[in-house]
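Enquirer: Here are the chains, one letter per residue:
4 protein chains.
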Amino acid sequence: MTTPLDLAIRNATVATSRDVTQMDIGIAGGRIVQLGRVGPAAEDVDARGLIVTPGGVDTHCHLDQVEPGMGNGAETLATGGRSALAGGTTSAVSFLGQIPDHSLTEVLQESLRRGEASRIDYSFHQIINDATPEVMAEVPQIIERGIRSLKAFLTYDAARLNDAEFLEVLEAARRGGAMVAVHCENYHAIGWLTKKLLADGRTGPKYHAWSRPKVVEREATYRAICLAELTGTPIQVFHVSCAEVAEEIARAQARGVKVWGETCPQYLVLSEDDMDRPGQEGAGFMCSPAPRSRADQEGMWDMIRRGVIDVVSSDHSAFNLTGKNGKDAAGPEASFAEIPNGVPGVGARMPIVFSEGVSKGRITLDHFVRLTAANPAKLYGLAPQKGDIAIGADADLVLWDAGRKVTLDNAVMQHAVDYTPYAGLEVTGWPVATYLRGTRAMQDGEVLAPEGAGRFLPRGRYKLAEPSSDVPNGFTAAEIG
Amino acid sequence: MTTPLDLAIRNATVATSRDVTQMDIGIAGGRIVQLGRVGPAAEDVDARGLIVTPGGVDTHCHLDQVEPGMGNGAETLATGGRSALAGGTTSAVSFLGQIPDHSLTEVLQESLRRGEASRIDYSFHQIINDATPEVMAEVPQIIERGIRSLKAFLTYDAARLNDAEFLEVLEAARRGGAMVAVHCENYHAIGWLTKKLLADGRTGPKYHAWSRPKVVEREATYRAICLAELTGTPIQVFHVSCAEVAEEIARAQARGVKVWGETCPQYLVLSEDDMDRPGQEGAGFMCSPAPRSRADQEGMWDMIRRGVIDVVSSDHSAFNLTGKNGKDAAGPEASFAEIPNGVPGVGARMPIVFSEGVSKGRITLDHFVRLTAANPAKLYGLAPQKGDIAIGADADLVLWDAGRKVTLDNAVMQHAVDYTPYAGLEVTGWPVATYLRGTRAMQDGEVLAPEGAGRFLPRGRYKLAEPSSDVPNGFTAAEIG
Amino acid sequence: MTTPLDLAIRNATVATSRDVTQMDIGIAGGRIVQLGRVGPAAEDVDARGLIVTPGGVDTHCHLDQVEPGMGNGAETLATGGRSALAGGTTSAVSFLGQIPDHSLTEVLQESLRRGEASRIDYSFHQIINDATPEVMAEVPQIIERGIRSLKAFLTYDAARLNDAEFLEVLEAARRGGAMVAVHCENYHAIGWLTKKLLADGRTGPKYHAWSRPKVVEREATYRAICLAELTGTPIQVFHVSCAEVAEEIARAQARGVKVWGETCPQYLVLSEDDMDRPGQEGAGFMCSPAPRSRADQEGMWDMIRRGVIDVVSSDHSAFNLTGKNGKDAAGPEASFAEIPNGVPGVGARMPIVFSEGVSKGRITLDHFVRLTAANPAKLYGLAPQKGDIAIGADADLVLWDAGRKVTLDNAVMQHAVDYTPYAGLEVTGWPVATYLRGTRAMQDGEVLAPEGAGRFLPRGRYKLAEPSSDVPNGFTAAEIG
Amino acid sequence: MTTPLDLAIRNATVATSRDVTQMDIGIAGGRIVQLGRVGPAAEDVDARGLIVTPGGVDTHCHLDQVEPGMGNGAETLATGGRSALAGGTTSAVSFLGQIPDHSLTEVLQESLRRGEASRIDYSFHQIINDATPEVMAEVPQIIERGIRSLKAFLTYDAARLNDAEFLEVLEAARRGGAMVAVHCENYHAIGWLTKKLLADGRTGPKYHAWSRPKVVEREATYRAICLAELTGTPIQVFHVSCAEVAEEIARAQARGVKVWGETCPQYLVLSEDDMDRPGQEGAGFMCSPAPRSRADQEGMWDMIRRGVIDVVSSDHSAFNLTGKNGKDAAGPEASFAEIPNGVPGVGARMPIVFSEGVSKGRITLDHFVRLTAANPAKLYGLAPQKGDIAIGADADLVLWDAGRKVTLDNAVMQHAVDYTPYAGLEVTGWPVATYLRGTRAMQDGEVLAPEGAGRFLPRGRYKLAEPSSDVPNGFTAAEIG
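Heads up: the protein sequence lines correspond to chains H, B, P and R, in order. So for the first sequence, my numbering puts the first residue at 1; every next one is plus one. So for the second sequence, my numbering puts the first residue at 1; every next one is plus one. So for the third sequence, my numbering puts the first residue at 1; every next one is plus one. So for the fourth sequence, my numbering puts the first residue at 1; every next one is plus one.
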């Protein structure tokens, strides 16, 4: 106690995952070591009039993802991390792609190497898109390296697993003590609808939504839940777009299934109308699942209030809208089926949820903290290090000016992608400073954290869920072999 | 009115799909032409003390199904028809297989040729197990020949459709004004579980049930419903085995989806315990979905009473239990995965439902008529010709002695298959005579109808259901192309 | 068979509760004795081009109801019967009020005396509004007289039962083998809201709807169901106004409770907007529950299609709109709380359901027959004598011109009440002739049946439902005392 | 920061409402002022090896409740407070009875006077059992005194409100910014069943359960929710006994109603079998609702895990089992209807939930804190002062030896009531010290807090819930008058 603190944040209104309190925060060695009465510190920050929240934890973003040929997309952990810090996010979980002709370990190594330039702390989900015996044999080692979550796609030509492969992934996760995150849309139905739409000359961006109606998301969600019930593996359904899909999650939760639901800002403020803008402008709003109607946005807020949806991530994707070729590589003549799916949002996420949620009175401040930091951290094994303001936690902190109004545009976002789908949206409440492990990483929009400021976050073993008993004689998938 | 009737059934207690009435039935030209006061007839039958019901309509049985190589199974429309008549069934819907190197039309021709020896009236569902453009191009003509229902399997190596193929089938049916009947189990999950069970040395018949727990049926049922919602096609879920699956059907019905559910006697009186009999004896009870627990049987009766399950068919399958090779071709050393799935029941169905349903007080007589004759006839376009006792309907009639007790064994069944899974079951209530289009076809267990007594039943166009609107802007799958 | 028939209806399209068939109908002694080929008759009616349905059975109408002081309302079984016949209804179940200082038997005698002038066949529900021991002691004898249903009100000052009294009524019904029909609205909540509205100066007819929102109907419906579960008594919920209420009935049905739901034309074609017409005109649309919104009307049709609501009755009430005193006795200055609740509809019911249901394609013809005749007859013990076209049934028949368009007004209705709330509604499909027990009772709008043409219909014992088991140790209310 | 702390709890495993952390707790002026690194203190407590939780908050106990005639029951805030501290509870919400011939204010004064001898901090719910205009006129002042919750009984002769009176209470609460707690059982149904049971000679304690089956609790719960929907008032359903009742709460929560559910230890470890013990011994287990079956206990744990039930209180009641007169005043010959309902439990609550919940692995430690302290404190306006370990909160702390096994008996309980229904139950996990506002109040079973150690807790205004919109034209009960 005689050693002074490194940093003290004083006089703040501190929002944690459970309450909002006036207190000081004392930081040493990058961690929160004192709350309440806080002793002398090498540096004092007076946060009077500001709200302090934990740094955002974005457990779903595609940053520096190694691509086929070991290439990379438009957004790195350095550039995406810059945007993250600007928007109040200090940790991200990106993805390890499964790359043809490369072992999972090689991709992990390359990803860790790239991570050395990250501006934020980071982890990865391991994507499995080809569940061969060789690949699955490698999975336990990957998990042991702290990659405590696998990602499965039920759609996309290059990525989708059939149900047997998905079961392999679920079973490997359960055995390794890992979660599975799932993209739930019906691959074949989308393909079938797309073929019909293209044959009918319906090629514009708006037909993206037509090619994947709610029912294909609802079906795949129900299926993913059933297969997870079979193996007894906990899963998170990624990017839930509407209340009907969330309702299937709610039903499963009520019968005791360990399933959680995530949504993203694009389902809270964008809609199918955005894809109907003139020319290829609509391409900038294309993501999957597709944004639904305005009424569906309110349905999602209801599901957030009910607790069925308990995480808001960004699903930040690294596709440029303009340049010589339309959205990323697709070109101005591209049909919706050729345009890559995904929108950037790692920087926009926290301000949008703060503004649409807290400032508009839809949720409380502590609920905001749970949605954007505490819940994703708990679910993915980053807690108690990340996600909350508590003794022992990393001093990842955001200072908010709750009354500041900012109109979003791409410059504000500071990411490498050349546009934001949220341009023109005015938000109320803005992060004026971000601290990463006790170091000031952003101040008044200026990102101070250099490349390499971020660290890899190995994650701990998931507490095993009880296996399902929906098999004769108490047999469960877990019992065989 | 001056011409006498061909036949009069007098003094009977007549059970129709809606009521039970004392009346006479007047028949001419094979049809019911007079009810109530019935005039003079060439032949009079005094049915005092007996109950008269419509002849059973079994819309799910594998009789004379053309097999690969144009071969055939153990049961023909002649032998299966004999069993049917013995058990009070006068019409059956069998299947047109899709045979490699043969057009659908060829198989239909061959099936119609074989049908010439049928002892009962018959129709077919067209199985689609390889939805190639060539095959799908042929479908409209098949439907126009009166084959107003397609059959899709979501499991079985040789038969299963992926979801895009299933959508093709659904869409072709909708356009042609046909129903789709679906076998709902998750192909990949069953394969995955089977592999694990076999690897673990769990090979006996009882592990058949372990390889396909309820959740794989529930999943596939939900999926089939969703895809049918997408195209707006009416479907019937075949052989529902438990209340959890039926509940998904009930939910869909409540939101207006045109989906119906069928069950079979094996889910009302057999259970997983039967598959656990010594040696290969359990093979005789193997069918898919697998029989569940005793408690599940009561769950199915509840769903019948609620009206969620409104048809009981037999799913009569033509596999011999004994002979030199165990169940059909599988052999005594065969693992559960090699033993063909299916049990015979075209003759047992009506007495079992009468006994377990009516005699045990679970359902009323008119409900029995709806389950076994009127509903299947309506659903599959055989009404008003078949399925009820009404003016203009075919004079397919069964005279029941409601008090007679019979212990089932294979001789009683009179089919070609060498066993019945219901051996030893005592039923109360027995058909003492069966009439097919006004001609006595069975009397006191003796089948009088010769080969060729039966006729092909071309079926009318299904009244189109409203397409689903779960697509943006009111677009539906039906609108494209 | 040698005796000729009294009457033959020939060449008709006959709609029964299960099908639509071309056939002739042979009638003798007032009953249907022959269907199909029909022999010579004293009188032949050629119904070519017309649809024949069973005469309507209206199990909820206030006709000649004995009022306090043994007085009577505006509508008798003679006048209301005239309207009924004009609209295709041949049987009605009215009510026996419980009159202060008069025994139930006295009121029954008086009601039967008045019934001698009825133009249609009739029965009664016994209202219990004061469940004293003396009254309850009389109930078994009343039931034995063929009054196989009791009516309970959960609201209205003069009529409402508290829950203990309602349980007495339920228990008495169960013991006597009778149904209970229930008016479900929360008495106290309506009173409380009414007091507040009046205190606030909100007195116009439209505030009638404000005084009894959906939730008060939903609550009371749930409560009635629970109390019926406790005693194991079958109940029908009268006049369900919206899908939310019907959904509670559906949930109870799904768990096996014997509960049915009725609605009325006022919930299918009237709305709260009608009560907002200028001055006291809105009073003409006041009934309880109150008509809801236009969207709620479609919700009711959905519930009809699902089978949750399976009877449409009129709840015909005998209040005059005009005259010297505003709606009945209330006067032009009356607040909504003083204006009697109820609208006339015994004549309008069948044409409205035919037009809005069948002609508009919402339901099939046989569904129309079930809703308006077969189901109410079965539920209230009038079947098989009433409600369907079948051998042995009374020859109550309606001949419809399906294409005729008629705009409703009070003259068309032919009742004694001085208005119809359906004035101005154009219906497609109109009854051109009505037969009561084989006698022509209406032709082309002219009612031919004289006073006294109708008969009292004693009803048989209700088949006892299984008592609920929701009591410890298998104890049920039925077991005590 | 230069002033030393009054007390430091060091080296503890600290369980808060959201997490479990190793940290020190620094206390000054009765409050938690420092967490984490904690400076020098006047007194140091080494809690190594112990778990520290917040002091229990029991928002439902009858302590020193003023009775008719201004008398009092067996348990005072002094004796009950002693038991509370022994069991790890530091705050209680007792009740202000409505006493004939005394104003609410008088009773409040008397209660505050009695509270001066309390050993624990305390507040009150205001019972309304006679909602006269005079009484309701007094309510706003009572609420302003910090009595931010009203209590309504829907059963019990002396206490029950009819629905209009209950609406008055709901409306008064909403206007005053107060919650309403409700005892939900159907008064009339219980009375009716009781009369029948007594008439049938079924008088023993076990018939208490027969007189109030689940359905009467389920009905009243649904009704209370509906009426709260009508006024838009937040409510808590007291002492939910079974999953069926909780399911109705879950449904209402899903549609956005502000309703919460409480249960009590008696529904987690007692059952109907206990009431069937010989003689009057069963009387010791009589409470209302009645304990259900063993299976129902597990159902309640499921509902706790789902979050539908989020508070466990004791409903401590002050009736002696023995003495010269049987349970309290009832006497050895008393029928179940004469024996008062209620069991003591203010001291047993925390150890039972710890043992059955945490030690048996049903819930986590932080869930335990939420159920027993944080949630009740939040719901009833005691947070952030009470219910959690956080900066600024009162230093109400309990030190637990998680491994200690104790067999409960009445001496251990230390209350004034002469028995505990939990005698013989062995619990794992025991409070070894309790601190009230930083002062040691119990150590190793010895209660150190003197009479008068406790303080009255005035509570803040409830944040108003949105009123229901289930009224035509957007009208809500809130809008009138």
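Everything labelled a hint here was simulated from the structure, so no lab data went into it. This structure is a prediction, so every number in the text was calculated from the model and none was measured. Built from N, CA and C at the ideal position, the CB exists for glycine as well. Hints are not guaranteed to be accurate.
For lysine to any residue, the following SDA-like pairs were computed, each having C-alpha atoms within a straight-line distance of at most 25 Å [what the hints assert, rightly or not]:
hint : chain 1 : residue 1 : chain 2 : residue 2
1    : P       : LYS196    : R       : ALA137
2    : H       : LYS360    : R       : ALA137
3    : P       : LYS196    : R       : VAL135
4    : P       : LYS360    : B       : ARG461
Beyond 12 Å from chain B on every Cβ pair, some chain H residues (computed) [said to hold, decoys possible]:
hint : residue
5    : ARG37
6    : ALA42
7    : GLU43
8    : PRO68
9    : GLU116
10   : TYR187
11   : GLU217
12   : LEU227
13   : TRP301
14   : ALA330
15   : ILE363
16   : VAL432
17   : ASP444
Enquirer: Compare the structure with each hint and give your call.
Expert: Right, here's what the structure says about each hint:
1. LYS196/P to ALA137/R: 16 Å, holds
2. LYS360/H to ALA137/R: Status violated; Cα separation ~36 Å.
3. LYS196/P to VAL135/R: Holds, at roughly 18 Å.
4. LYS360/P to ARG461/B: 22 Å, holds
5. ARG37: At about 55 Å from chain B, ARG37/H clears the 12 Å cut-off, so the statement holds.
6. ALA42: 57 Å, holds
7. GLU43: 53 Å, holds
8. PRO68: 25 Å, holds
9. GLU116: Non-interface label on GLU116/H holds, nearest chain B Cβ at 39 Å vs cutoff 12 Å.
10. TYR187: About 7 Å separates TYR187/H from the closest Cβ of chain B, which leaves it inside 12 Å; violated.
11. GLU217: 10 Å, violated
12. LEU227: 6 Å, violated
13. TRP301: 20 Å, holds
14. ALA330: 21 Å, holds
15. ILE363: ILE363/H clear of chain B: closest Cβ-Cβ about 28 Å, beyond 12 Å.
16. VAL432: Its Cβ never comes within 12 Å of chain B, the nearest being 40 Å, so this holds.
17. ASP444: 42 Å, holds
The structure shown violates the earlier hints numbered 2, 10, 11, 12.
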